[in-house]
Amino acid sequence: MKVIDILKIIKNMGLAWTVFRVSYELKRKTGILKRKFPVKDFSDEDFLDRISEKRLKSKESLSNSIRENRHKFLFNTQDLHLFKEYLDTILTKEDKDRIVQIADNAIEGRIYCFSHWTADYGNPINWHINPVSGYEWPKDKHWVDIEELSRVSGDVKYVWEASRFPQIFYFVRAYTITRDEKYAQAYWNQIEHWIKENPYQLGVNWKCGQEISFRTFAWIFGLYAFLDSPHTTDTRIFMLIKNIYLNAIRIEKNIEFAIKAVQNNHAISEAAGLFTVGILFPFFKDSERWLYKGKKYLEQEGLKQIYDDGSYIQHSTNYHRLMLQDYTWCYRLAELSNISFSPKLTEKLKLAVDFLYQMQDETSGMVPNYGPNDGALIFPLSACDYLNYKPQLNTLNYILNGTKLYKPGKHEEDLLWFCGLNAVNSEAISAATKTTKSFGVGGYYVIRGKNSFGMIRCTKYKHRPGHADMLHFDLWCNGVNVLTDIGSYSYNPEEKFKDYFSATINHNTITINNQNQTKKGPRFLTVDWPEGYVNAFNVNDDKVIFSGYHNAYRNIHKRNVEFRENCYIITDEIENKEGSKINIKLNWNIGTEIEKITDNKYRLIINDRKSLIMEITSSTKGNISIYYGNVDKPAGWRSLYYGEMTPVNQLVYEVKSVKEKEELRTIIYL
940 MKVIDILKII KNMGLAWTVF RVSYELKRKT GILKRKFPVK DFSDEDFLDR ISEKRLKSKE
1000 SLSNSIRENR HKFLFNTQDL HLFKEYLDTI LTKEDKDRIV QIADNAIEGR IYCFSHWTAD
1060 YGNPINWHIN PVSGYEWPKD KHWVDIEELS RVSGDVKYVW EASRFPQIFY FVRAYTITRD
1120 EKYAQAYWNQ IEHWIKENPY QLGVNWKCGQ EISFRTFAWI FGLYAFLDSP HTTDTRIFML
1180 IKNIYLNAIR IEKNIEFAIK AVQNNHAISE AAGLFTVGIL FPFFKDSERW LYKGKKYLEQ
1240 EGLKQIYDDG SYIQHSTNYH RLMLQDYTWC YRLAELSNIS FSPKLTEKLK LAVDFLYQMQ
1300 DETSGMVPNY GPNDGALIFP LSACDYLNYK PQLNTLNYIL NGTKLYKPGK HEEDLLWFCG
1360 LNAVNSEAIS AATKTTKSFG VGGYYVIRGK NSFGMIRCTK YKHRPGHADM LHFDLWCNGV
1420 NVLTDIGSYS YNPEEKFKDY FSATINHNTI TINNQNQTKK GPRFLTVDWP EGYVNAFNVN
1480 DDKVIFSGYH NAYRNIHKRN VEFRENCYII TDEIENKEGS KINIKLNWNI GTEIEKITDN
1540 KYRLIINDRK SLIMEITSST KGNISIYYGN VDKPAGWRSL YYGEMTPVNQ LVYEVKSVKE
1600 KEELRTIIYL
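Counted the way my numbering counts, the sequence shown spans residues 940 to 1609.
Simulated from the structure, these hints should not be mistaken for laboratory data.
Any given hint could be a false lead.
[As the list claims (entries may be wrong)] When the alpha-carbon atoms are kept at most 30 Å apart in a straight line, the in silico DSBU-like pairs for lysine-lysine are as follows:
| # | residue 1 | residue 2 |
| --- | --- | --- |
| 1 | K1524 | K1560 |
| 2 | K1401 | K1289 |
| 3 | K1032 | K996 |
When you get a sec, could you build the whole thing from the sequences and use the hints?
And the structure:
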């Protein structure tokens, strides 16, 4: 890596980040870090010594305490028969059959991954295998010594997914629907097996504190659902609580890394893990400290990571939702224990809910597939598709504001699990409306029409970029993502697709001389951060005009988006400062079928009754290429669900120009 690039990283990330990161790496290489996390047997006696109350110094008394304090959790087993009655009214037979099928598959080790596809981890589950590549991670190696982004192992998230235990939420939901005790039995069998196969501090499943938090949430969710099952014994409860305690120790000892080095949702998730254990299990000697730290970091990181307009530090709609789910869980647990968070944090969370709500398609519940999308849905508690954000936004809005964002529907199952029957039966509907809106701090601009909306991105980055996509434009019409973003697919894919999903050339913007807007650094860092500037965002009765530019290239790229009642006009101006021929590529990923009308005019087919017309012109004559699932180039791909990519129509309009100013115009007729 060049010295100049290292200096740029220091400038972008800051001196404090750099010093901490270098120090952490030195501790890792010298063995100091590993000594901080010793591998040792943690006996039952050791665990009992960590319990502060003398009356709880036995397995029976500990499990009795859990049962006595079940009111501190979201629900208890006595609620489930009433939940079933409600689910029967909002879910179809197909919905319920699907929940049961996913749960039944999971009993056999076929886990529903990233809320979309099923992978076979074996029966019993091999907790260390990548089910896609077949690579098996060493289970006897200390997590400090494991490199999770190696080319040989493939994507570590495929391994971590089973150990997040998404199947527990399906076990609970299937149990509620069927009352079949096999789901309680599977819950305990899989947790017992995981603990046996993942000794404390050993293996890749101890590598990430955020993963440990998510696992803890799932274990706790199942504990309270199956608390009165005959499969839930005092011995099993003792085992589970002991290992939840170990989870909290591991999170606390390395949370500084998430806060100071990672600086994103990892820090919030790990703080949520500490807060959860501290609030639900107050009998640990460490609980008061964990509760304090968890709450402190949740407030500190929320105020820092959520921008003043409600947009989010990670430049990603899905990571934005993940962050909101962390706070949904913590706010509800806090409410049940009469604990309140900072009013400033609450106000920011309200803005953060509104941010996604304003970018949401009303019909599908979807939002632009913008930025990194790693498939995270940490509480899969709805029969809605993963891409539908209604369940999660609705629940948190109810917790924060006491109102529901949407009319009744199956998205309310999520609200049921978090807030109970009174919440879903509430008739309090929010007066919030979707409108043309500027989120200038984060750099998002939403243009709303009667049956369409567009989103354009233009900002001066305050925190590291995800994708190189300045001036990307997303368009939706009649519930269809017409001009679409392409997602992430995998953070450690095969070499051919290593940079495909983050590259400028594959986003809905302009690429000049085949250059990327940013330069890749080590791991998830970027070196050159483009600066975007907004000249205008004017809203009138008959039209909306956005105008902005960025400096990622030596040649200035300016984009104007004008919305009128019947069309969107996207005008790209390129100022040629090189004085020689430049190559300009305008890219559009089209999420519909397309049909050629003329050389520069296409029909974008939404359905049998509705289609749009796209027309592209330029000062200098250009050529159009269309790709669809091309593996060799590669081109024509998008990923809506992590670990899966599907073909998409990728239209590339290419111009080779010597003019001082080149103009390209795309008109979408509605």
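(Q) Hinted pair, alpha-carbon criterion (30 Å max): K1401, K1289. Please report holds or violated. (A) holds, 22 Å
Q) Regarding the pair K1032 and K996, is the alpha-carbon distance no greater than 30 Å? A) Between K1032 and K996 the Cα gap is close to 47 Å, so the pair fails against 30 Å, i.e. violated.
Q | K1524 paired with K1560 [C-alpha distance capped at 30 Å] | A | holds, 12 Å
Violated hint: 3 only; the structure is consistent with all others.
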